[in-house]
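**Student:** Sequence:
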Amino acid sequence: MTFGAWNVRTLLDREANACPERKTAIVARELSRYNIDVAALSETHLPEEGELVEYGGGYTFFWKGLASSEPRRSGVGFAVKNYLAAQLQEYPVHISDRITTLRLHMERESYLNIISVYAPTLDKSDDIKDKFYEELTRCVNRIRPREQILLMGDFNARVGRDYDAWPKVLGRHGVGKMNSSGQLLLSLCAQLDLAITNTMFRLRAKYKATWMHPRSKHWHLIDYAIVRQKDISQVQVTRVMRGAHCWTDHRLVIIKLNLRLPPPCRVGRSKQIRLNLERLQDTNTKAKYAETLNTALQPLDLKLGEIDVVWESLSSCVLDTAKSTLGLRVRKHEDWFDENDGILTGAIDKHRRLLKQHSRTHQSGGAMELRQSDLELRKLARQAKDKWWQEKARQMQWLADTNQLGEFYAEVRHLLGTSSMAKVPLKSTSGGALFKSREEILGRWAEHFNTLLNVDHFVDLDHVRCLPQQPFALELDEPISPGEVALAIKQQQNKRAVGVDFIPGELLKYGGGDLYSALWELFVIMWEKEQVPNTFKVSLIRALYKGKGDRSNCNSYRGISLLSVPGKVFARLLLNRLRKLSERILPESQFGFRPDRGTCEAIFSLRQLQEKSREQGRNMYLCFVDLEKAFDSVPREALWIVLRKIGCTEKFVRLLRLLHDGMQSCVAVNADQSEFFPVTCGVKQGCVLAPTLFALYFAVVVQEVLKTTHDGIRIRFRNDGNLFSLARLKARTKVSYALITEIVYADDLCFVADSPAGLQQLVTTFHESCRIFGLKISVKKTEVMSLDIYGQETLAVKLGDDILKQINTFRYLGSTKTSKCDLDAEINSRIGAAAAVFGKLDRKVFGSHDLKLATKIGIYKAVVLPNILYSSESWTVYRRHIRTLDRFHLQCLRKILNIRWSDRIRNTEVLRRAYTMGIEAYLMGRQLRWCGHLSRMSDQRTAKCIFFSELEKGKRKHGGQLLRYKDVLKRHMTKCDIEPSEWEQAAARRPEWRSLVKAKVKMFEENRCSELDARRDELKARPPCAINYNFCNGVLTCPHCTRTFVNKIGYVSHARAHQRQDRS
1 MTFGAWNVRT LLDREANACP ERKTAIVARE LSRYNIDVAA LSETHLPEEG ELVEYGGGYT
61 FFWKGLASSE PRRSGVGFAV KNYLAAQLQE YPVHISDRIT TLRLHMERES YLNIISVYAP
121 TLDKSDDIKD KFYEELTRCV NRIRPREQIL LMGDFNARVG RDYDAWPKVL GRHGVGKMNS
181 SGQLLLSLCA QLDLAITNTM FRLRAKYKAT WMHPRSKHWH LIDYAIVRQK DISQVQVTRV
241 MRGAHCWTDH RLVIIKLNLR LPPPCRVGRS KQIRLNLERL QDTNTKAKYA ETLNTALQPL
301 DLKLGEIDVV WESLSSCVLD TAKSTLGLRV RKHEDWFDEN DGILTGAIDK HRRLLKQHSR
361 THQSGGAMEL RQSDLELRKL ARQAKDKWWQ EKARQMQWLA DTNQLGEFYA EVRHLLGTSS
421 MAKVPLKSTS GGALFKSREE ILGRWAEHFN TLLNVDHFVD LDHVRCLPQQ PFALELDEPI
481 SPGEVALAIK QQQNKRAVGV DFIPGELLKY GGGDLYSALW ELFVIMWEKE QVPNTFKVSL
541 IRALYKGKGD RSNCNSYRGI SLLSVPGKVF ARLLLNRLRK LSERILPESQ FGFRPDRGTC
601 EAIFSLRQLQ EKSREQGRNM YLCFVDLEKA FDSVPREALW IVLRKIGCTE KFVRLLRLLH
661 DGMQSCVAVN ADQSEFFPVT CGVKQGCVLA PTLFALYFAV VVQEVLKTTH DGIRIRFRND
721 GNLFSLARLK ARTKVSYALI TEIVYADDLC FVADSPAGLQ QLVTTFHESC RIFGLKISVK
781 KTEVMSLDIY GQETLAVKLG DDILKQINTF RYLGSTKTSK CDLDAEINSR IGAAAAVFGK
841 LDRKVFGSHD LKLATKIGIY KAVVLPNILY SSESWTVYRR HIRTLDRFHL QCLRKILNIR
901 WSDRIRNTEV LRRAYTMGIE AYLMGRQLRW CGHLSRMSDQ RTAKCIFFSE LEKGKRKHGG
961 QLLRYKDVLK RHMTKCDIEP SEWEQAAARR PEWRSLVKAK VKMFEENRCS ELDARRDELK
1021 ARPPCAINYN FCNGVLTCPH CTRTFVNKIG YVSHARAHQR QDRS
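Those letters in the sequence shown? Residues 1 to 1064, by full-length UniProt numbering.
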């Protein structure tokens, strides 16, 4: 096997680098020329840790660097041949940004530990050098004595040629003299019985020296390949390859070892079937698939045999037909460098030949020719990349022009794609051990999710059985109709991940009437026999990195479960029946996973409660409750009892249990799968039933709190009359009263109260209720907040024996809540989120010359603008907030339009060129549409009650009031020429109200822009002000009011104020 060590100087793609783009592709092709199996790379400059596959070059890059926030320095990694990377049994272990290791399984049960290093330079302090060598010593000492070591990299050290002083460490063919760093390296090798192989072979100096000093032009040996002294016989040769070139001042060092890899063994890998579903977009292909499938289904008899056998025959028929009609999808690798490989490789070869020629002759003409070749190569690479992206942009534009919006935004999401994901070892549960092999990692994932999904909490079943019995919903037991099956199939979304049976939803949707009938027959059998195929009970779990935390810690990942799509259809059928009952049972405070409800309603309700408490001078106290593994910790036995108590029939509950009892899960990492493990607790992850089942169970838990406590915030409301009239709430016979205790979205619970004692009572009662029903509150993530009306108040709310943390800001459902009930933190958060998204699309979309302006603006409105305006329906905005948002909005538009500040183009003209509106107009439209939606809600809805209410107790302060949401709405209506006393009648009809708002907002924006233009023209047409400067003893005196000024700027501003008064 051949190994290499190369200081590549950088793997970053930057225009400032003196090399063509795609350094990884160039390095991969150079390594391939010398048939290097594994190369240790140093000074990569790549941030964090990650993995990158160069398909054209044939290498996979692993790296470890500093954090993204730190300067691009140091960095180490490996370049491994793709076939070898696919067989790796252990992933690289990153020690630091200067040391990383890779363990290879060789034949005869032996192992080779490759260590890639980048040592501190000679000018670094002794502390930095000592720290590096201490880490390296610990790294080497952790390797078993019988395993081989290959230590490679840039050591920035000269070891000299003193063989007599270091007889077992050095050979007789060293280079130059030893320096202080070289002594550290030699001492390390002597202590650890290592030998420097670069000095073992009798070669000419040019085949040993690796780096030329930039000033003295002398060549030195500072890059080494080091092995154990007992393994010297395995080394065939260590030398420098002078012809390798990747725009670095270091030469490539190769070492050939007499080692062999074991034959490849791939166990536990799944062969996923990837159908070419894009062919279903063609009408003829879709018709052919349905016709072929109908023919194939004719001989099937679904009423004979066990349910698993019946489903196996039906699923095989569907898959076989899809394979023959649609074919399998070929994963096409798209890359601008690989697609121009012939042109770029030829230019690189030419540059290499000139470099080789110049290194021999050192003629000035050769240097000029080499420089010209370098410029031509960089230009060629830049042109190839630009041409490739232009074609990509034209494809996106064609998708937009042909109204293929799904594929268009799929390309946009691809451009927004997450950063590369590293294949890292995993820590054990205690954190003491590190699992590196594939089998160990799969086992660790299985152990993690087995623990996560099988929570054993105490539950008081006797108390649960004592819940009051609601009337049974007998309609749940009615036989399944073909229409229900057809509806459930149509409700499945396209382009979703498949389960273990590899059947996507498209095959069911477009399978034709015979497939619908076959599924109906199958579901009827399942309904009558109360049996479910085992495939419907199996889930594949894939772990997704949360974006923060230690990558080697399993808790930094979120698991998603992939279920059988036909099983989801059956679950959807049950959900459609259960939803009618759930809407009668669920409280109005639950906004999650329900029709016509969402996060906006929950955010609005909470913000309005804060605003009304502030308006009426009442304190408000909030507790944001976080449950530990809420969906995964629901005790199933208690869940079935609760479902019966709320009115589910016995047969319906048994059918729900069929989908949960006997559940099996396994963890999938790439193509590897762990062993299956049972899942005995919680609602079924990934199932459409899970949110509704949890909401019903959680509603009973919260209801237990409301039985024993009456704390909260009391409001009085009246849904008729003029919203902007406070007198309407004075009519005692027409107002209604309500107690607001909680705002809930799925498992995100927020308790509200008007006193610390009331909040403490709610928390204590809820804690006890959770204990009874088997749920657990996270003390670390549960936090409290007080609305500061009369200054900061310290809360001491207890959860058991722990005092909950008090905070001033909280991220609730993506919206920022503060103890001051202001929008400053929310506005900053919205701009930060939008700026991050805009930055990802800046170069590839907004900076592209091949996308039409309309397409760019469309992407901006669809991707960036929603980040700016998220939850804006509930905002009470001051002018300063609008100015801040408008400033960012116009900055983005100017960048898209390529308009600079020096062009002196007005903001109104920017909006016209972009065919868009200002932020105020967008806010106005969203808030007016939202208030119309609120007015059309039923009178029992929590958001509507709060909107048309005031607190039962409390008194507004005298004098000017802080801005309220109603004031903002009234301002909007006045500007849009909508009568505030008649808007509710217009809003009662949704289409007319939306059309009215759209027209009025458009008219407002046109008038606003016209007024701004007129004002600007007036200012430009106004003659310059003539100001007399009356200096006396260094003091300026105003001739109008005899006021004195020391500063000239203040005097000019004051004089202009007098001139404006005179003109008026």
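Check each hint, because a few of them may be wrong.
[To be verified] Ranges of calculated distance between the beta carbons of each label pair, as one might list FRET restraints:
#: 1; residue 1: Y737; residue 2: L853; range: 54 to 64 angstroms
#: 2; residue 1: K970; residue 2: T451; range: 54 to 64 angstroms
#: 3; residue 1: T974; residue 2: T1044; range: 40 to 50 angstroms
#: 4; residue 1: G513; residue 2: D320; range: 50 to 60 angstroms
#: 5; residue 1: G327; residue 2: S1010; range: 39 to 49 angstroms
#: 6; residue 1: Q404; residue 2: I560; range: 21 to 31 angstroms
#: 7; residue 1: G431; residue 2: Q372; range: 52 to 62 angstroms
#: 8; residue 1: D127; residue 2: Q493; range: 39 to 49 angstroms
#: 9; residue 1: E793; residue 2: H710; range: 20 to 30 angstroms
#: 10; residue 1: D661; residue 2: Y790; range: 41 to 51 angstroms
[Unchecked claim] When the alpha-carbon atoms are kept at most 25 angstroms apart in a straight line, the in silico BS3-like pairs for lysine-lysine are as follows:
#: 11; residue 1: K495; residue 2: K509
#: 12; residue 1: K645; residue 2: K776
#: 13; residue 1: K975; residue 2: K955
To be clear, the hints were calculated from the coordinates, so they are not data collected in a lab.
Model, not experiment: these values are computed from the prediction.
By construction, the Cβ of each residue, glycine as well, lies at the ideal position given by its N, Cα and C atoms.
**Student:** Each of the hints needs a verdict: does it hold here or not?
**Tutor:** Hints, one by one, checked against the model:
no.: 1; hint: Y737 - L853: 54 to 64 angstroms; verdict: holds (55 angstroms)
no.: 2; hint: K970 - T451: 54 to 64 angstroms; verdict: holds (55 angstroms)
no.: 3; hint: T974 - T1044: 40 to 50 angstroms; verdict: holds (44 angstroms)
no.: 4; hint: G513 - D320: 50 to 60 angstroms; verdict: violated (20 angstroms)
no.: 5; hint: G327 - S1010: 39 to 49 angstroms; verdict: violated (59 angstroms)
no.: 6; hint: Q404 - I560: 21 to 31 angstroms; verdict: holds (27 angstroms)
no.: 7; hint: G431 - Q372: 52 to 62 angstroms; verdict: holds (57 angstroms)
no.: 8; hint: D127 - Q493: 39 to 49 angstroms; verdict: violated (58 angstroms)
no.: 9; hint: E793 - H710: 20 to 30 angstroms; verdict: holds (23 angstroms)
no.: 10; hint: D661 - Y790: 41 to 51 angstroms; verdict: violated (56 angstroms)
no.: 11; hint: K495 - K509; verdict: holds (12 angstroms)
no.: 12; hint: K645 - K776; verdict: holds (23 angstroms)
no.: 13; hint: K975 - K955; verdict: violated (30 angstroms)
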